[in-house]
Structures are given as C-alpha cells and as structure tokens.
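I would like the entire structure built from these sequences, with the hints used as guidance.
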Amino acid sequence: MTEITSILFAGVGGQGIVLTSKILSSALIQAGYDVKMSEVHGMAQRGGSVTTQVRFGEKVFSPIIGKGEADILVAFEKIEAMRYVDYLKLKGKLIANDFKIPSAPIFSAKVKYPRGIFADLEGKVYTKRVHAAEAAKELGNMKVQNIIILGVLAKVLGLNNLDWKASIKKEVKPEFFDLNLKAFEAGYYM
Amino acid sequence: MKELLSGNEAAARGAFEAGVLVASAYPGTPSTEILENLASYKDVYSEWAPNEKVAVEVVVGASIAGARSIAAMKHVGLNVAADPMFTFSYLGVNGGCVIVTADDPGMHSSQNEQDNRYYARHSKLPLIEPSDSQETKDFMIKSFEISEKFDVPVLFRMTTRLCHSKSIVELGERKEVGVKPYARNIPKFVATPAACRVHHAELEEKLKKLEEYAQTCDLNTTILNNSDIGVITSGISFQYAREVFGDKVSYLKLGFTFPLPKKLISDFCSKFKTIYVIEELEPYLETEIKAMGINVTGKEKIPLTGELSPQIIRKAILNEEPQYNKPTPERVVARPPILCAGCPHRGIFFELSKRKDTVITGDIGCYTLGSADPLNAMDTVICMGAGISAAHGFAKAFAKTDRKTKIFGVVGDSTFFHSGITSLIDIVYNKSNVTVIILDNRITGMTGHQENPGTGYTLMGDKTDIIDIEQIVKAIGVKHVSVINPNQLKQVREVLNEYSALEEPSVIIAKYPCALKKLRLEEKQSFNIKPSKYVVDPSKCKKCRMCLKIGCPAISFNEETGSFIDENQCIGCSVCSQVCSFGAITKVGE
Numbered sequence: 001m002t003e004i005t006s007i008l009f010a011g012v013g014g015q016g017i018v019l020t021s022k023i024l025s026s027a028l029i030q031a032g033y034d035v036k037m038s039e040v041h042g043m044a045q046r047g048g049s050v051t052t053q054v055r056f057g058e059k060v061f062s063p064i065i066g067k068g069e070a071d072i073l074v075a076f077e078k079i080e081a082m083r084y085v086d087y088l089k090l091k092g093k094l095i096a097n098d099f100k101i102p103s104a105p106i107f108s109a110k111v112k113y114p115r116g117i118f119a120d121l122e123g124k125v126y127t128k129r130v131h132a133a134e135a136a137k138e139l140g141n142m143k144v145q146n147i148i149i150l151g152v153l154a155k156v157l158g159l160n161n162l163d164w165k166a167s168i169k170k171e172v173k174p175e176f177f178d179l180n181l182k183a184f185e186a187g188y189y190m
Numbered sequence: 191m192k193e194l195l196s197g198n199e200a201a202a203r204g205a206f207e208a209g210v211l212v213a214s215a216y217p218g219t220p221s222t223e224i225l226e227n228l229a230s231y232k233d234v235y236s237e238w239a240p241n242e243k244v245a246v247e248v249v250v251g252a253s254i255a256g257a258r259s260i261a262a263m264k265h266v267g268l269n270v271a272a273d274p275m276f277t278f279s280y281l282g283v284n285g286g287c288v289i290v291t292a293d294d295p296g297m298h299s300s301q302n303e304q305d306n307r308y309y310a311r312h313s314k315l316p317l318i319e320p321s322d323s324q325e326t327k328d329f330m331i332k333s334f335e336i337s338e339k340f341d342v343p344v345l346f347r348m349t350t351r352l353c354h355s356k357s358i359v360e361l362g363e364r365k366e367v368g369v370k371p372y373a374r375n376i377p378k379f380v381a382t383p384a385a386c387r388v389h390h391a392e393l394e395e396k397l398k399k400l401e402e403y404a405q406t407c408d409l410n411t412t413i414l415n416n417s418d419i420g421v422i423t424s425g426i427s428f429q430y431a432r433e434v435f436g437d438k439v440s441y442l443k444l445g446f447t448f449p450l451p452k453k454l455i456s457d458f459c460s461k462f463k464t465i466y467v468i469e470e471l472e473p474y475l476e477t478e479i480k481a482m483g484i485n486v487t488g489k490e491k492i493p494l495t496g497e498l499s500p501q502i503i504r505k506a507i508l509n510e511e512p513q514y515n516k517p518t519p520e521r522v523v524a525r526p527p528i529l530c531a532g533c534p535h536r537g538i539f540f541e542l543s544k545r546k547d548t549v550i551t552g553d554i555g556c557y558t559l560g561s562a563d564p565l566n567a568m569d570t571v572i573c574m575g576a577g578i579s580a581a582h583g584f585a586k587a588f589a590k591t592d593r594k595t596k597i598f599g600v601v602g603d604s605t606f607f608h609s610g611i612t613s614l615i616d617i618v619y620n621k622s623n624v625t626v627i628i629l630d631n632r633i634t635g636m637t638g639h640q641e642n643p644g645t646g647y648t649l650m651g652d653k654t655d656i657i658d659i660e661q662i663v664k665a666i667g668v669k670h671v672s673v674i675n676p677n678q679l680k681q682v683r684e685v686l687n688e689y690s691a692l693e694e695p696s697v698i699i700a701k702y703p704c705a706l707k708k709l710r711l712e713e714k715q716s717f718n719i720k721p722s723k724y725v726v727d728p729s730k731c732k733k734c735r736m737c738l739k740i741g742c743p744a745i746s747f748n749e750e751t752g753s754f755i756d757e758n759q760c761i762g763c764s765v766c767s768q769v770c771s772f773g774a775i776t777k778v779g780e
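Residue numbers (our numbering), protein chains in the order written: chain A, 1 to 190; chain B, 191 to 780.
Certain hints may be false.
To be verified - As a list, the in silico BS3-like pairs of lysine-lysine whose alpha-carbon atoms are at most 25 Å apart:
id, chain 1, residue 1, chain 2, residue 2
1, B, LYS516, A, LYS112
2, B, LYS723, A, LYS91
3, B, LYS708, A, LYS143
4, B, LYS733, B, LYS708
5, B, LYS723, B, LYS680
What the hints assert, rightly or not - Partner residues aside, some chain A positions facing chain B, computed with beta carbon under 7 Å:
id, residue
6, SER25
7, PHE61
8, PRO63
9, GLY68
10, ALA109
11, LEU162
Simulated from the structure, these hints should not be mistaken for laboratory data.
Small disclaimer: the values here were computed from a predicted structure and weren't measured.
All C-beta atoms, glycine included, are put in the ideal place defined by N, C-alpha and C.
Encoded structure:
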C-alpha cells in the first residue's frame, strides 16, 4: 500500500478547526493528492470536544483515524491535546496550542484546570508548542488562532508543492484574506 | 471538474444532475446538508417540511404528478415517515422517487442507532448503499433510473461517516428530464384494499426482477485478488475493510443490498475457504447469507454496537493492535456539550431545576441539554413530540396514585410543529393537568439553524407567513397561555407558580431568539436586542457560587478571586446577574 498521511485536528466547538481542515484539504487536492476529510456535526458542537480528520496520499480509503494512527495531531487547546494524544503514532508529532478553554466541570468549580500538561506531553511525544493566542492578539483578532496554527502545521508538514495562499483565498471571505494570510505567515515563521 | 464534497453535498449534486424537480425534508443530523445544498440549485424546488412524514408525502405527490423527487431524513425520521413509504412501495412511481435515510452509527447526535437497511426489506423497496462521495453522486443518479425502470421508490442509505466525510467527486451536467405526463389512474394510485391486493403481488414480481438486475448491475462489484479469504461488505464498511486488508483478500462490495443478489453472493462465496461479512451495526447481510446455507463469519467477531472503524476490524479479524502513548487521566477533563452562553433555554431550566416535586418530560433538540449538570432539570427524553405526550401519560398514571407531582412537558418550536401539535390536542381533549413549555427560540437550533414554519422564511430564502404558535395553542383550546421572555427569571418564576396551581392544561411560550442566530433587523427590534456584556465586581463577589448553578460556559470560578465572566463569550442575557444576591454582576457601562 502507498503511504498515507493522517492528520487529526482537535479542539473545542467554535475554534475554527473545520475551516482549518478545509484549507489544508483544498491545498492537498490542488497538489494532486487523494484526500478524505471527516468532521462531526450536531450535538457535539455545543461547546463539546470536536475533531476533524484529514488523510491524504495517492489513494485513501478510510476517512477516519484510529488510536496510534495519526502522523500529526493538531490540538487547538491543551486539554484536547492530552485527550487525543493516544491517536498519535509513537513517532507522531504533536502541534499544540498553549491555550486554555475551561470545560463544564472546570467552570462549575468541580475540578481545576489541570497543570503541567505540556511537560507531560513532551515526555510522551515530539511536541511543538504554539503560542497562537499571543500572536493573534498582535494581529488584533483572537479568531485567527486557527490559521496561525495552520501556518505551524504547514512548516511541520514541509510539503513544498502546496499553494497555501491560493487555498486560503478560496476558503475565507475576501475581506478577511489579508488578515488570514498574515496569520498563516506568523505561524509558518514562528 | 473535480471537487471535494461531503457525502451530503454529493447526494444533493447527484439529485441535481439527475434532474430532480421537487425535494422535501425535515432537518436532522446527519442528513441536514442534503437539502441545504439542494436549495442552492435554483432549478430544484426545495423545502423544509414540518416533519418527515409530510416530506415523504410531498415527494410521493410530486412523483405521481410526474416529477423526479427526493426526500431526505435522519434514521429516526424514517420512523415518522414509514407510513406513506410502506404504501407508496405498493403503488409505484411516475417520476422517479428516492428516499434518503441517513443513519447514525455511534449516535454522534441521535437517541438510537437503528439500522434502517431493515426498512428496505420490510417496506419492499430497493436499497442502495454508497461508500464514498463519488459513489453517492453516481448511485443517486442510478437510483432515479432504477426507480423509473422498475416502477418503485428507492431507499438510499447513508451513514454519518459518509454524510460528513469529504472526498473527491467529478462533477457532471444536469440532465433535464422535465415532468412526465400525468393522467388520473385510479387503480394505480388509489390505495384501496382491492387495488393493493393486486399491487402487492405485482411488487413481489418487481422484486424478482430487481434481484436479477442486482446480479449484474455495476452497483455491486467484485474485486478478486489472489487470496483464500473473501470479504462481503457494503457502504462505508467497504472503505474500512479495504484499508485493513488491502490486496490480501478479495471483496464482494455490495452497493445494491435489497433485494440481495443471491447468485452473485453464492458464486463469490464458492471461491473462498473463509468468508467474512463486514458490516456496521446489525447482521443484515450476514443473516441473509447464512439463510442461504453459506457459512460466513460476521457478528461473532465484528461488534454489533457503535460505529465501525479500520481499527476495530483489524483487532477483530487480525488481532492486531497499534501502539500508542496513553493520555494521563488526571490531565484529561471531560468536555460535554452544554447550553451555549446566552442560550434562552437556560432561564427556564434554571427555574425548573429549583422546583420541588416535579416531573419534566423533555424532547429532542439543544434543550435536551437541560438534563445536563448543573441544571439536571429533566426526567425523560424519547423522541420528537414525546415531551408533550409523555407528560400526559405521566399525568394519567399519577392520577391513579396520591402523588401531587407537577408535570411539565418541554418542547422546542420546530419540534412543536413537527409532532407536538397532535400531542397537545391529546392533553386538551383528554383533560390532563399538564403545563407545556414551548421553547420558541425562533429557529431550528441543534441541526445548525434551519428555517421552520414559525420563522417567516423558507429554505429557499423566500419570505412567508409566520405560523403563530400562540394562535395554534389557543385554537386547540388551551385556556391558560402566556408568552414570556425566558431571560427574565422573575417572569418565568411567576408563571410557573401560577400555572402549577391550576387544575387545567396550560402552555408557556418562552419566546426569545437562539444566542447563535444571525438576527434580522426586525427581530433585533421586536426583541429589543442590543449587544451588551456583564461583568463581576470582585469586591462584591462573596464566592457563594450561586451563578455557577446556571451552568453558563462564560462564567468560571477561582477560589481566590471569585466568579469571572469571559467577555468573549458573554452576550448579555443577564441571567447570571439576576441570580446574584449581592449585586456583584452588572452590565458593562451601567
């Protein structure tokens, strides 16, 4: 069988992981890869933990990624990075946003937001820590964290044949293109 | 041209290319985007029906009138629509007709994981199961051809992973087929007992011809490799099996799964020592194949419950498990779905949660989350409409005891139109002392904001008359009806108290737009909605945690500094400020 690359995106409903996966998928298709992308709708989106999955290669069959099967895990939030770390291959790479979003048990003060997540993750897998929130603040819009993270992913993927700029242009509204391109570059050169 | 399409987008594209003229559906995950996408093709008339039964009846009518037509729904929606489907199969079509069932193995967003392939067998409809987006489009076009060629409606079965996975699709042109001639044909289309005795026999003959067709049609494919093992599979399970076994086994990939091509199956099985049947959920294929006297392995290895995956198949058949790093349990905190910040359902459920000796029968929608911690304000959730009818049942059962428990039935606006009206009629007609709360958030929320009969707009974006819930309720004969703002807790409390003291049915309409809804100007004006934020004054916060009891995701708590409101999430519903006894939460700028 041919080589397939599997990328799992994990975050919280509203963080823009679907758009991020779309831009990636669009760039991959333009470059001639077979691509499958899977997402979740409905109940899970109401503040719940959300994943999307992108698999690409010469010919892809299953759209879904199981435990120990992802080459790259892109986590938009720290707890989500830990929750899905088991989906990474032993030699897989984690790109994790250093960002906290409390979940129901935390904001209702039943448990505290866990400490030491990054040190723990770094002991388990190769971890690329991303400070997307700070970079987004500098760009003046907290919502572009997702595209900053995409920039980091583009660097880690290292595929020179992808036209990221064209894909961003295709998937985002024209009035947000410049901002998103800056966000992408901020991530890429981070 | 090639595009990355989800299964739902591909289903819509296929129907469009097949020349469909009429489409009707009720939204439901994972099927919703089929009609949303069809509505973008202006050559097709697309609508949201109040429920799935109506949707199927609409497309039955359109088909008999001569138009190619399609209805789409989630698996449980087909339960609602089963009645017309079972008889339409007897009558046959004029214009081709396809009914899409989108099943939800794993229950990503559903209350059960029924396997609707059995509906094909039960209602005697040909069953088509694609395995990716390209097939979804191609098989959809084929389904219309089959429908017209064999004079039957077709059941088209998709699953969540197919509906919501994107893969590459080659787009084609629309083929205009127009509306076929229609003339009154009483023996064919009037389902009298005498006519249907004839139709049933005819249908059995059609099924024999369909089975012959299934033997050779290109919806069923055989992939032969040099192997001792044969795999029989259908739908998305094929992709999983192919991922796991690659070229090491041979495949009989079935895309036409009722009537099953028995000869094709037995020919395939005769070539192999070992046959695995790999299918998600029920042993639909396995039971049929075993009944043919063929020894196959299926559900004794492949799980009967939940969604399938390559990993599950690999473990079940090859006993292979991948290696991975486990998460550290104490650093993983659950993240269940919850009512959004500013959700207008919160005020109602908060006030209900404080009441002693109540039963609250809930329903299907975002407001099912009223059952979640910390509100926990729900006793039952079953299906669309049961929020009202089950309340009536509770009342009649408790009437046989000494219990004085107050019973509330809770239902959403779209759900009320879907199945709540007849239930409310039962309450009035058969006199039960129930208070029904209709959570009218001016949109169909959970499925991602679809218009409904109460919103004043259609699926295709046209303005239409608003069906007024209050007038319906009054016309049914409910004497005690209040329309309230659910964000005003005092108002909520007072009406709950007043109606709890009654001996007659009553209805509360909690009317306020969904926090996520893109509001039209007229809505902003009529509800007087202005953007605002609330903030906690740390010097006044007594750390009593009262504001945490409303379960708002914008509010967090810290032992040192007390409560804190995330300004990015707060939309100014003010519910938290109303529960704070110390005046610590105030509107920014006031």
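Cross-check of the supplied hints:
| no. | hint | in the structure |
| --- | --- | --- |
| 1 | B:LYS516 <-> A:LYS112 | holds, 21 Å |
| 2 | B:LYS723 <-> A:LYS91 | violated, 46 Å |
| 3 | B:LYS708 <-> A:LYS143 | holds, 18 Å |
| 4 | B:LYS733 <-> B:LYS708 | violated, 35 Å |
| 5 | B:LYS723 <-> B:LYS680 | holds, 21 Å |
| 6 | SER25 | holds, 6 Å |
| 7 | PHE61 | holds, 4 Å |
| 8 | PRO63 | holds, 4 Å |
| 9 | GLY68 | holds, 3 Å |
| 10 | ALA109 | holds, 4 Å |
| 11 | LEU162 | violated, 14 Å |
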